[in-house]
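Student: Make a model of the complete structure from these sequences and hints.
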Amino acid sequence: MSTTAKTHPELSEVFNKDEQRVNWHDETLWWIRQKRDKSAHSIPEWEVLREKASQIKNNALSNLAEYLVSFEEKALANGIIVHWAADAQEHNQIVHQILQKHDIRQLVKSKSMLTEECHLNEYLEKQGLEVIDSDLGERIVQLAKEPPSHIVLPCIHKKKEEIGDLFHQHLGVAAGTSDPQILTEAARVHLRETFLTRRAALTGVNFAIAETGEFVVCTNEGNADMGAHLADVHIACMGIEKIIPKRKHLGVFLRLLARSATGQPITTYSSHFKKPRAGQEMHLVLVDNGRTVQMGREDFRASLKCIRCGACMNTCPVYRRSGGHSYHYAISGPIGAILAPNLDREKYADLPFASTLCGSCSNVCPVKIDIHQQLYKWRQVIVQEGYATSGKKMSMKIMNYTLSSPGVYKTAGKAGRWVLKYIPFAVNNHFNPWYKQREMPEVPKESFGEWYKKNVK
Amino acid sequence: MKRVGLFIPCYVDQFYPNAGIATYQLLKKLGLDVTYPTGQTCCGQPMANSGFEHLTGDCNQLFVDNFAEFDYIVSPSGSCVLHLKEHLHTEKSEPQAAAIRTKVYELVEFLVDVLQVKNLKAKFPYKVGLHQSCHGQRGLLLTQMSELVAPYFSKPQQLLAQVEGLELINLKREDECCGFGGTFCVVEEAVSVKMGKDRVKDHQANGAEYITGADMSCLMHMEGILKRENSNVKVLHIAEILNAG
Chain F
1 MSTTAKTHPE
11 LSEVFNKDEQ
21 RVNWHDETLW
31 WIRQKRDKSA
41 HSIPEWEVLR
51 EKASQIKNNA
61 LSNLAEYLVS
71 FEEKALANGI
81 IVHWAADAQE
91 HNQIVHQILQ
101 KHDIRQLVKS
111 KSMLTEECHL
121 NEYLEKQGLE
131 VIDSDLGERI
141 VQLAKEPPSH
151 IVLPCIHKKK
161 EEIGDLFHQH
171 LGVAAGTSDP
181 QILTEAARVH
191 LRETFLTRRA
201 ALTGVNFAIA
211 ETGEFVVCTN
221 EGNADMGAHL
231 ADVHIACMGI
241 EKIIPKRKHL
251 GVFLRLLARS
261 ATGQPITTYS
271 SHFKKPRAGQ
281 EMHLVLVDNG
291 RTVQMGREDF
301 RASLKCIRCG
311 ACMNTCPVYR
321 RSGGHSYHYA
331 ISGPIGAILA
341 PNLDREKYAD
351 LPFASTLCGS
361 CSNVCPVKID
371 IHQQLYKWRQ
381 VIVQEGYATS
391 GKKMSMKIMN
401 YTLSSPGVYK
411 TAGKAGRWVL
421 KYIPFAVNNH
431 FNPWYKQREM
441 PEVPKESFGE
451 WYKKNVK
Chain A
1 MKRVGLFIPC
11 YVDQFYPNAG
21 IATYQLLKKL
31 GLDVTYPTGQ
41 TCCGQPMANS
51 GFEHLTGDCN
61 QLFVDNFAEF
71 DYIVSPSGSC
81 VLHLKEHLHT
91 EKSEPQAAAI
101 RTKVYELVEF
111 LVDVLQVKNL
121 KAKFPYKVGL
131 HQSCHGQRGL
141 LLTQMSELVA
151 PYFSKPQQLL
161 AQVEGLELIN
171 LKREDECCGF
181 GGTFCVVEEA
191 VSVKMGKDRV
201 KDHQANGAEY
211 ITGADMSCLM
221 HMEGILKREN
231 SNVKVLHIAE
241 ILNAG
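Residue numbers (this note's numbering), protein chains in the order written: chain F, 1 to 457; chain A, 1 to 245.
It is possible that part of the hints are untrue.
Below 20 Å or equal to it, Euclidean Cα-Cα: the simulated DMTMM-like pairs (lysine to aspartate or glutamate) are [said to hold, decoys possible]:
1) 457/F - 69/A
2) 201/A - 211/F
3) 397/F - 58/A
4) 123/A - 164/A
5) 201/A - 26/F
6) 92/A - 69/A
7) 121/A - 109/A
8) 436/F - 229/A
9) 457/F - 446/F
10) 274/F - 72/F
11) 123/A - 167/A
12) 234/A - 450/F
13) 28/A - 450/F
14) 275/F - 211/F
15) 246/F - 298/F
16) 74/F - 26/F
17) 159/F - 27/F
18) 453/F - 229/A
19) 421/F - 439/F
20) 172/A - 37/F
21) 410/F - 65/A
22) 172/A - 27/F
23) 227/A - 442/F
Note that these hints are calculated values from the structure, not bench results.
Tutor: The following block contains the structure:
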């Protein structure tokens with residue numbers, strides 16, 4: 001999806017051709033949003049927790065260099081091999097080299113949005129390696145040769161019948177199977193076999209603790225543990241913003257993460273990794289990939305506070321009706337729309353406009369990122385850097401000319417109303433996106449200004 | 001007596017003068033000294049939200065020239081008021097612009113917070129659905145938001161409760177966006193319309209005869225959808241209901 005030239009409006013239009021599917025997508029995600037609400041409302045100190053998390057993250061970002069150095073020092077002392085990657089390519093090469101060193105050609109992965117961001121699977125597959133995603137949702141989209149459409153619920157856009165077809169094709173399940181129980185069993189058998197035979201496992205990192213040099217991985221399926229515990233080599237990959245200062249801060253985030261994501265009180269497995277077990281090699285790759293640049297942008301640095309809960313996607317009325325793939329970036333939804341332009345303004349120029357700026361995303365964010373304010377600010381940057389279409393530039397100049405002069409404005413208003421009234425087909429046609437599925441407003445006999453002049457002054 | 005400057009947003013002026021007239025009459029009824037400066041045009045939001053905030057300089061200056069002299073500026077549009085509060089700046093008259101940013105009010109918040117209206121003497125015997133426009137709700141805090149863990153309050157409901165005969169219906173999703181979003185409604189036509197259709201359906205399913213709100217733009221969008229569906233449900237700006245009867 002990320003290689004396509006199509007924009008959010010175009011991709012959303014395709015998604016909206018099947019209205020029943022849009023309804024189902026919207027209702028499923030809204031149901032999760034409601035679970036989140038119920039769970040949040042069961043904690044009286046919820047807003048205090050959000051504020052705390054926000055401040056801990058602010059502190060972590062403000063002292064990032066110091067915390068990273070301290071983290072590396074502790075991790076090395078614990079026996080973890082630490083690598084630093086400036087960008088996606090370097091990250092992919094490091095992972096590849098580790099596997100080459102051990103002559104390993106098969107990798108089992110647990111969920112990691114960072115590796116999606118770096119396109120690790122594609123890279124390793126090109127080198128002739130086999131990669132199997134072990135998170136069930138990730139495995140499903142992998143079989144479908146699609147990127148995940150949601151960071152917490154990677155295959156939320158797929159119906160169980162479609163998953164049945166995929167499993168029939170790839171895992172030998174009987175044709176026409178759509179019973180979730182049977183499908184899950186089939187995936188379980190398939191993944192067990194994978195865990196038992198792979199010598200290398202890759203996991204993401206949810207939180208890295210500067211104080212102790214340990215890291216925490218949260219999963220609902222326990223697949224990160226299964227992979228890491230059985231493999232000879234454990235590779236963990238993290239963006240440098242995953243640092244939190246102390247172990248005591250972890251509780252704040254663990255209480256917020258799962259509740260915001262799915263409404264669960266806590267993720268089923270919160271696995272702490274501190275040092276390799278005897279005979280195992282543990283690698284940790286710390287990745288920048290544009291993060292330090294984003295740190296330097298005052299208006300946008302708060303986006304790095306994100307803990308990847310996906311709450312902003314579930315609440316976003318646009319995301320629910322356009323699907324994750326319409327964002328054509330590894331991280332979809334409102335948070336993706338403020339992260340993506342940091343990497344490539346031209347390619348992702350459409351994303352900050354894929355929002356009504358309703359502000360719901362900022363309200364659900366457990367670390368209080370001002371997402372909708374950043375969307376507004378990215379729009380200004382994108383236009384200033386010249387990525388607006390020429391039609392839009394022209395119409396904005398005309399608008400500015402009209403609205404800067406009361407005389408021009410009054411004449412234009414009158415002319416516009418006259419056109420609507422006497423030659424409605426000039427606007428009521430398929431070139432007018434408003435008219436496609438909506439009626440134009442009825443034309444009043446006079447404007448407010450004209451009424452005021454007649455009746456008051 | 002304090003002087004109130006009436007700001008009627010461009011699209012209300014051109015397409016929904018009745019919302020403007022109701023606002024004017026309502027404020028007059030409440031005994032205020034209201035003036036509509038005739039040189040006004042627009043708050044500049046359509047340009048700013050499209051990423052062209054740098055083009056709004058002349059428009060902002062015009063706004064300041066028209067409204068600097070008033071004690072209060074009142075407007076029947078949460079979205080425009082929020083834009084002014086957050087983004088009205090000028091090179092020439094920044095102190096005046098700064099003052100305007102603090103004395104500009106959306107009609108509902110002005111009635112509830114400044115005038116503290118307790119008895120409106122309005123009558124509107126219909127089933128009404130209240131659309132919470134996002135900029136009014138989450139930007140101006142007209143109503144508590146469903147995402148936050150905090151006690152409930154609603155300024156528009158406080159006013160609608162004073163209207164005789166009005167029955168406020170419940171909604172399944174009380175503060176879902178309607179999908180208007182300024183230029184979003186044309187740039188993202190497919191999603192915008194789908195959001196609007198869903199929003200309208202929630203009101204219809206709960207028996208609304210009218211949909212009201214503090215932002216005519218959202219209502220214009222929903223009206224366009226209702227009319228295309230040949231629905232009997234009508235839209236009215238909250239000022240028209242508060243001024244009715």
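Student: Any hints this thing doesn't respect? Which numbers, in order?
Tutor: 2, 12, 15, 16 and 18
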